[in-house]
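Colleague: Residue strings, one per chain:
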Amino acid sequence: MAGSVLAPAPPAPGPKAPAASQGRLRRALSERRTRFGLLNAAPVVVYLLVLFVYPIFSTLLLSLKSEDGGWTLHWYANALQGSNLKVLLTTLRISAETSLLSLVIGFMLAAAVSRLKPMWAGLVMIIVIVPHFISALVRTYGWIILLGEHGVINNALTDLDVPGAPFQMLYNELGVVIGTTSVMLPYTVLLLYAVMKGIDRRLPAAAASMGAGRLTIFRRVYLPMVAPGLINAGILCFILCLGYYLTPALMGGPKQTMVASLISEQVMKQSQWNGAAALGIILLLLTFAGLLLLRLIKVVGEAAKNRGTS
Amino acid sequence: MIALRSTLTGRIVLTVLSTLVLLFLALPIVLIVVTSFGSDAFGSFPPDSWTLGWYEQLFADGSKWPAALSLSALVASLTTVFSLVLGMTAATALVRSKLPLRSAVYGLVLAPLVIPQVVIALGLFLLFEPASMLGSPIALALGHTVLASPIAVMILMATLQGIDERLEDAAASMGAGRLTVARRITLPLAMPGMIAAAIFSFITSFDEFFISMFLSSVDTTTLPVQMFNVLQFDVDPSVTAVSALLIAVAVVALVLVAAVRRLGVGKQDGLLPTEPGTGLSAGSEAS
Numbered sequence: 003m004a005g006s007v008l009a010p011a012p013p014a015p016g017p018k019a020p021a022a023s024q025g026r027l028r029r030a031l032s033e034r035r036t037r038f039g040l041l042n043a044a045p046v047v048v049y050l051l052v053l054f055v056y057p058i059f060s061t062l063l064l065s066l067k068s069e070d071g072g073w074t075l076h077w078y079a080n081a082l083q084g085s086n087l088k089v090l091l092t093t094l095r096i097s098a099e100t101s102l103l104s105l106v107i108g109f110m111l112a113a114a115v116s117r118l119k120p121m122w123a124g125l126v127m128i129i130v131i132v133p134h135f136i137s138a139l140v141r142t143y144g145w146i147i148l149l150g151e152h153g154v155i156n157n158a159l160t161d162l163d164v165p166g167a168p169f170q171m172l173y174n175e176l177g178v179v180i181g182t183t184s185v186m187l188p189y190t191v192l193l194l195y196a197v198m199k200g201i202d203r204r205l206p207a208a209a210a211s212m213g214a215g216r217l218t219i220f221r222r223v224y225l226p227m228v229a230p231g232l233i234n235a236g237i238l239c240f241i242l243c244l245g246y247y248l249t250p251a252l253m254g255g256p257k258q259t260m261v262a263s264l265i266s267e268q269v270m271k272q273s274q275w276n277g278a279a280a281l282g283i284i285l286l287l288l289t290f291a292g293l294l295l296l297r298l299i300k301v302v303g304e305a306a307k308n309r310g311t312s
Numbered sequence: 007m008i009a010l011r012s013t014l015t016g017r018i019v020l021t022v023l024s025t026l027v028l029l030f031l032a033l034p035i036v037l038i039v040v041t042s043f044g045s046d047a048f049g050s051f052p053p054d055s056w057t058l059g060w061y062e063q064l065f066a067d068g069s070k071w072p073a074a075l076s077l078s079a080l081v082a083s084l085t086t087v088f089s090l091v092l093g094m095t096a097a098t099a100l101v102r103s104k105l106p107l108r109s110a111v112y113g114l115v116l117a118p119l120v121i122p123q124v125v126i127a128l129g130l131f132l133l134f135e136p137a138s139m140l141g142s143p144i145a146l147a148l149g150h151t152v153l154a155s156p157i158a159v160m161i162l163m164a165t166l167q168g169i170d171e172r173l174e175d176a177a178a179s180m181g182a183g184r185l186t187v188a189r190r191i192t193l194p195l196a197m198p199g200m201i202a203a204a205i206f207s208f209i210t211s212f213d214e215f216f217i218s219m220f221l222s223s224v225d226t227t228t229l230p231v232q233m234f235n236v237l238q239f240d241v242d243p244s245v246t247a248v249s250a251l252l253i254a255v256a257v258v259a260l261v262l263v264a265a266v267r268r269l270g271v272g273k274q275d276g277l278l279p280t281e282p283g284t285g286l287s288a289g290s291e292a293s
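Those protein sequences? They're chains A and B, same order as listed. The opening position of the first sequence corresponds to residue 3 in my numbering, with each subsequent residue numbered one higher. The opening position of the second sequence corresponds to residue 7 in my numbering, with each subsequent residue numbered one higher.
These aren't lab readings, by the way, just hints derived from the structure by calculation. For every residue, glycine included, the Cβ atom is placed at its ideal position computed from N, Cα and C. Incorrect hints may appear among the rest.
Where chain A lies over chain B, by a calculated footprint (3+ residues, C-beta under 8 Å) [claimed, not checked]:
| # | region |
| --- | --- |
| 1 | 14 to 28 |
| 2 | 99 to 110 |
| 3 | 146 to 159 |
| 4 | 230 to 237 |
| 5 | 250 to 264 |
With these hints in hand, go ahead and build the complete structure from the sequences.
Modeller: As structure tokens, then:
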């Protein structure tokens with residue numbers, strides 16, 4: 003998974019071609035540009051329809067089929083009760099914990115970096131970005147070496163005669179959240195940093211000149227300006243966590259099983275494809291809900307801004 | 007943070023906390039690299055004595071790693087070719103032509119980045135299993151391309167946007183055909199972006215785990231899947247050496263991308279948005 007999702011998408015460019023206007027020649031040209039566009043878009047569209055849309059569609063069909071071929075909601079009912087429901091709730095809980103922690107830590111680091119000199123800021127951002135491109139599997143393994151019962155930290159603590167050492171830091175929720183947070187952190191830092199760079203420094207200064215205290219400035223001026231970024235980063239982080247597999251599988255115990263692990267287990271070990279498909283579709287719906295929420299917040303935010311200015 | 011800013015204690019607290027966060031990000035990686043040269047593959051840090059033994063073990067007789075490594079390299083190379091072709095045509099369509107339903111196509115292209123990978127993997131499994139293509143390098147590469155092509159498209163779109171369209175128009179007005187324009191004008195100018203897209207496609211595939219796990223067969227696995235299996239079931243200290251190699255691949259790739267960007271156009275190609283000295287310099291005077 004590592005390198006895949008980053009990169010705030012470049013702003014969608016408007017179509018560069020000028021709108022087709024009168025003159026026959028220009029219309030012919032614009033039609034040729036359309037044909038040219040369709041010709042060039044065809045490979046990726048066909049590819050994704052066959053290897054992305056169709057597979058998801060067949061997963062959906064499978065989740066609605068009973069064993070004798072009829073239609074059923076049995077698999078969804080099954081996914082939403084008993085131990086399956088527990089896994090779903092665990093997934094939501096761990097995703098929420100990870101998002102919250104990533105937001106807090108990411109906020110701190112981004113705020114600190116946004117007031118560094120450019121050279122230092124660049125250096126710090128390299129430390130943030132490079133791990134993002136290193137396999138999450140490898141980073142997880144690093145955490146296992148660090149946090150294990152005879153890991154680096156516990157060895158050091160035992161040598162120092164810290165009471166209670168060695169501590170159990172793996173195969174429980176603490177381990178999972180530490181590992182997952184370290185994977186998600188680059189996203190939140192990058193998103194928050196972009197927002198904080200864009201903040202006009204004169205605004206807090208203006209508030210100070212009007213007599214506002216530091217806390218008031220933070221609460222009434224700074225935080226509202228960063229809030230959209232925080233919400234964005236939080237939801238994105240949450241969505242990415244929902245389907246995350248590696249770290250919980252390697253650093254968690256049975257109580258930290260997440261949906262992705264459950265799905266792979268049902269496919270690989272039990273050949274229980276319909277149930278796995280239903281779980282997958284539920285995960286997909288949760289992701290859509292998150293994306294919809296992002297969209298909604300953006301629309302509402304823009305509407306509010308327009309009302310404020312007009 | 008504003009509240010903390012100007013007091014000395016505030017500054018110290020912030021610096022210490024930030025340093026801890028950076029350690030949090032970097033420590034696991036540094037640790038693996040150091041440990042891979044240490045005689046005790048787990049634990050003791052810094053190592054008591056140094057060795058290259060784990061690296062030798064990777065290629066020892068009966069080792070499964072060389073096969074996994076070569077499969078990963080093959081799959082990553084195929085993925086790179088697929089996603090460059092798809093990326094270049096798609097970017098051309100999105101940036102350089104009139105395309106009906108443009109935003110729908112753009113959305114479709116980026117969708118694989120936000121859809122949970124387990125759902126994509128499960129769908130691909132349902133597609134390839136009946137065709138008995140599990141474990142085939144082609145199936146793996148086709149699957150990886152779903153994840154790699156959006157990244158290639160984003161990089162190449164930014165590259166094409168950075169190329170002055172009038173150069174292409176000028177060539178066309180001098181009588182050059184479409185193909186000649188592409189070959190003589192666009193491709194050379196887009197080369198740095200294409201190299202970056204190729205490198206990112208390669209490491210996306212090389213590191214990819216989830217889809218590989220679903221599309222592997224018992225005796226053909228990629229490096230990450232092999233590594234995951236070892237971590238979950240065996241104890242094989244040569245895993246540290248594999249991890250260090252994966253780190254090296256990623257770092258070399260990033261250095262290459264940085265070098266290519268320094269050489270050529272395509273400076274604003276989406277990934278690595280905060281290159282030191284360029285992206286950050288605007289308006290960040292210290293206060």
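Colleague: Confirm or reject each hint.
Modeller: Evaluation of the provided hints:
1. Remark: the region 14 to 28 of chain B is confirmed as covered by chain A, as 6 of its residues place a Cβ nearer than 8 Å to a Cβ of that chain, reaching the required three.
2. Note: the region 99 to 110 of chain B has 10 residues with beta-carbon separation from chain A under 8 Å; the three-residue rule is met and the coverage holds.
3. Remark: the region 146 to 159 of chain B is confirmed as covered by chain A, as 8 of its residues place a Cβ nearer than 8 Å to a Cβ of that chain, reaching the required three.
4. Taking a C-beta to C-beta cut-off of 8 Å, the region 230 to 237 of chain B contributes 4 residues in contact with chain A, enough for the three needed, and the coverage statement holds.
5. Residues of the region 250 to 264 of chain B lying with their CB closer than 8 Å to a CB of chain A number 6, which satisfies the three-residue condition for coverage.
Taken one by one, the earlier hints all hold for this structure without exception.
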